[in-house]
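Undergrad: Each chain, letter by letter, is given below.
There are 4 protein chains.
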Amino acid sequence: MAVNPTRRRGRRPQRGRKRPNSPRPRTARQSERREAILAAALEEFSARGFAATRLDDVAHRAGVAKGTIYLYFHDKENLFQELIRSQLSPVVGSLQAALGTDRSLREVAEQAAEVFLREIYGTRRKDVIRLVISEGPRFPQLAEFYYREVIARIIAALRPMLQRAVERGELRAGAVIRFPQLLGAPGIIAIVWNALFGKIDPLDARAFVSAHLDLVFGERKAP
Amino acid sequence: MAVNPTRRRGRRPQRGRKRPNSPRPRTARQSERREAILAAALEEFSARGFAATRLDDVAHRAGVAKGTIYLYFHDKENLFQELIRSQLSPVVGSLQAALGTDRSLREVAEQAAEVFLREIYGTRRKDVIRLVISEGPRFPQLAEFYYREVIARIIAALRPMLQRAVERGELRAGAVIRFPQLLGAPGIIAIVWNALFGKIDPLDARAFVSAHLDLVFGERKAP
Amino acid sequence: MAVNPTRRRGRRPQRGRKRPNSPRPRTARQSERREAILAAALEEFSARGFAATRLDDVAHRAGVAKGTIYLYFHDKENLFQELIRSQLSPVVGSLQAALGTDRSLREVAEQAAEVFLREIYGTRRKDVIRLVISEGPRFPQLAEFYYREVIARIIAALRPMLQRAVERGELRAGAVIRFPQLLGAPGIIAIVWNALFGKIDPLDARAFVSAHLDLVFGERKAP
Amino acid sequence: MAVNPTRRRGRRPQRGRKRPNSPRPRTARQSERREAILAAALEEFSARGFAATRLDDVAHRAGVAKGTIYLYFHDKENLFQELIRSQLSPVVGSLQAALGTDRSLREVAEQAAEVFLREIYGTRRKDVIRLVISEGPRFPQLAEFYYREVIARIIAALRPMLQRAVERGELRAGAVIRFPQLLGAPGIIAIVWNALFGKIDPLDARAFVSAHLDLVFGERKAP
DNA sequence: TATGAATGAGGATTCATTCAT
DNA sequence: GATGAATGAATCCTCATTCAT
Chain B
1 MAVNPTRRRG
11 RRPQRGRKRP
21 NSPRPRTARQ
31 SERREAILAA
41 ALEEFSARGF
51 AATRLDDVAH
61 RAGVAKGTIY
71 LYFHDKENLF
81 QELIRSQLSP
91 VVGSLQAALG
101 TDRSLREVAE
111 QAAEVFLREI
121 YGTRRKDVIR
131 LVISEGPRFP
141 QLAEFYYREV
151 IARIIAALRP
161 MLQRAVERGE
171 LRAGAVIRFP
181 QLLGAPGIIA
191 IVWNALFGKI
201 DPLDARAFVS
211 AHLDLVFGER
221 KAP
Chain E
1 MAVNPTRRRG
11 RRPQRGRKRP
21 NSPRPRTARQ
31 SERREAILAA
41 ALEEFSARGF
51 AATRLDDVAH
61 RAGVAKGTIY
71 LYFHDKENLF
81 QELIRSQLSP
91 VVGSLQAALG
101 TDRSLREVAE
111 QAAEVFLREI
121 YGTRRKDVIR
131 LVISEGPRFP
141 QLAEFYYREV
151 IARIIAALRP
161 MLQRAVERGE
171 LRAGAVIRFP
181 QLLGAPGIIA
191 IVWNALFGKI
201 DPLDARAFVS
211 AHLDLVFGER
221 KAP
Chain Y
1 MAVNPTRRRG
11 RRPQRGRKRP
21 NSPRPRTARQ
31 SERREAILAA
41 ALEEFSARGF
51 AATRLDDVAH
61 RAGVAKGTIY
71 LYFHDKENLF
81 QELIRSQLSP
91 VVGSLQAALG
101 TDRSLREVAE
111 QAAEVFLREI
121 YGTRRKDVIR
131 LVISEGPRFP
141 QLAEFYYREV
151 IARIIAALRP
161 MLQRAVERGE
171 LRAGAVIRFP
181 QLLGAPGIIA
191 IVWNALFGKI
201 DPLDARAFVS
211 AHLDLVFGER
221 KAP
Chain G
1 MAVNPTRRRG
11 RRPQRGRKRP
21 NSPRPRTARQ
31 SERREAILAA
41 ALEEFSARGF
51 AATRLDDVAH
61 RAGVAKGTIY
71 LYFHDKENLF
81 QELIRSQLSP
91 VVGSLQAALG
101 TDRSLREVAE
111 QAAEVFLREI
121 YGTRRKDVIR
131 LVISEGPRFP
141 QLAEFYYREV
151 IARIIAALRP
161 MLQRAVERGE
171 LRAGAVIRFP
181 QLLGAPGIIA
191 IVWNALFGKI
201 DPLDARAFVS
211 AHLDLVFGER
221 KAP
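Chains as they are written, first to last, in our numbering: chain B, 1 to 223; chain E, 1 to 223; chain Y, 1 to 223; chain G, 1 to 223.
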């Protein structure tokens, strides 16, 4: 009956830990190691989830000793949170840039979709988003961080743009204005769908996102 | 050495436990216990995820001894899977029923949204869906089950209806036809959003779903 | 690396238990059940040893419920001991009979060997002897019982016979007189050898025992 | 609920433990620990058998933590097998040496008996042999190992020697030639007898083995 | 710094024994 | 009497964390 050999014990999650480890290691070598550990952690956490990931495996994959992880991160939880933080913040800039231009709404939306497909969906970052979705409820701090650093910023960048679009008559002052989340929905769905059903019934993320834009803005005339 | 010569095992001799003196037949009590365990498992798994959940806690919450779980489920994994199965299968019927009626597409969609809000979003079943999303990638069989028993059936029920809608001119033969997933997207997003950010920035699922319908079908004339 | 799936927990052995259960159940049906349980226990204990045997399996094999075992035996240990007792006592009589005759020593020895081969080596009783060897050190009571009821009796029956043989000039007053154990040695060795190496390098017990008699008495002239 | 927020794991912060400040290189200490664990395992396994032995007890007796055992051995079974292997392999050499000399058969046999008495019967190795006898049937690999590494080698060393003895007229080409096992029989019997009945009726192993040699080769002229 | 051996609390699972039916 | 569901102590094994080297 065993479905999968992932039976692992876990430590109970979450408490108000407050000692953020030093944000910037001194030497280049150190910073390299930190990166190696984070990269390894990304692989392992996204393959198994927080509780089932063994620091042993992370260390092995990063090519360092287990104890070394503790020189860079306070504990497993801190490593996990640092991982999420380090991966998500950079994208926000790109998205903000894409949303900041002054072209037509449709063009901007396509631009943003492109950024999403290239920088998130096409990379390991999609796994980070899955991790946030999976583990967030047990890591309120993390969810909050994600909300503040990613979601809120994107929505903040979105609002004036949508406002302008309404003023220009490119958009009715309706659903999307009230719930800008609707714009990002298909991206998230594509990530989740393919993580679950990618093997059985893969979803073409680009086409899916594109179809959604058609839905919001009406079909494009000619590509 | 310490060979304790009086190590005892077995049922403890009745210490003010709930009088099991009930006249109910054995099978009724058994199925009640099974349900109690599943209910407890739902609480625990959705609060902590698969790996971090302790069967000890499940047992305690269900009011049974640890060993009792093993009378009803082969192991932790099996309990988890049975939980998912038992929770999701029933809903599909309701959704199929909602989708099977012959009214206008908009009406049908609103009906389905209603079922979703009432039977999934308004119940613990939303947590089950979160569990599938979180743990599915590590439990391929589970994802497959979910796909076969839930997703595929809903999509199968959806297609002819959408086809009819196109024929009737209620829908353009575009995005939604190719990707019926778009219809369910906001439901999933609402679940995920509120699990993560419900405390910080709650999302009104009903309004959200409704706004999405406006997006797909155009604003309703009069509310 | 796993050699065998016999990892099982055990209860610590042995204490001066003193409540021998009723030696003779009332009805025929009861006595039948008791026998069935003992027969099943023989199978299971000799396949797995005391600690690794599950009463569940014994019950199943005996076609009774687990609780029923406790109607006939105090506990696992008592079942085990009763099993040994019930199996060994009967043979002693046959051996004593074989040894009691007044023929030549060689003939008597061959007679006894025949009894051994037929009633012990050729039956499940050889497994009982293996059990005594394996578990005896942890069940001093059992070893003592075995010594008293089996070993001592056989030796007692042997001594006068050997004495007579010496007087008749059939045997030198040497090794065998001082250590009658030497006569039984090959029987035990055959049991142990085949239990361990029977698959790899089987030992023909009859030939082996016979060769040993040749050693003790000199080759036979003509069969 | 009870999410203990301070559950700690890992090495406890040094409470008056044996100063590990030794200058010994890591490997020496490791091999010492391995030995300590094996020694403890020998005690425990031979006192209780495989199934009833607790690794907890082994660890305690070895003066290490439970987890440490798993640094040296894959699991309980592996520990058990390594124990057998490590104990038995060395003896074979001594026995082969004793059997390889070119003296008279009787002398060689006495030499071998001496080695057995000193290196097996006089040490814990007799318990290892008991363990093989007791647990071998449930650990076929182990029985096979024992056969290959011990039994087969001894028999292989024995055959040419016996052959020579026949040629020299020291032995009739009979029982012992066909069944060299007969030579070792009393050693095994002595081990088993004393393990079972040593308290009640101890058997003088040296005299017993010696008596057996008298049986095989005829009484010695003068002691 | 970096290492990785050592620790031991934690948790899944088993199974002898009890007892309501 | 017989049953077998329920119990929970027992025990294997894991792995986050520490710290001597």
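Among the hints, erroneous ones may be present.
[To be verified] Taking lysine-lysine and the BS3-like style, the derived pairs with C-alpha atoms no more than 27 angstroms apart in a straight line are:
hint	chain 1	residue 1	chain 2	residue 2
1	G	Lys199	B	Lys66
2	G	Lys76	Y	Lys199
3	E	Lys66	G	Lys199
4	G	Lys66	G	Lys76
In short, the hints are calculated from the structure, not lab data.
Undergrad: Just pull the numbers of the violated hints for me, sorted ascending.
TA: As far as the earlier hints go, 1 and 3 are violated by this structure, in ascending order.
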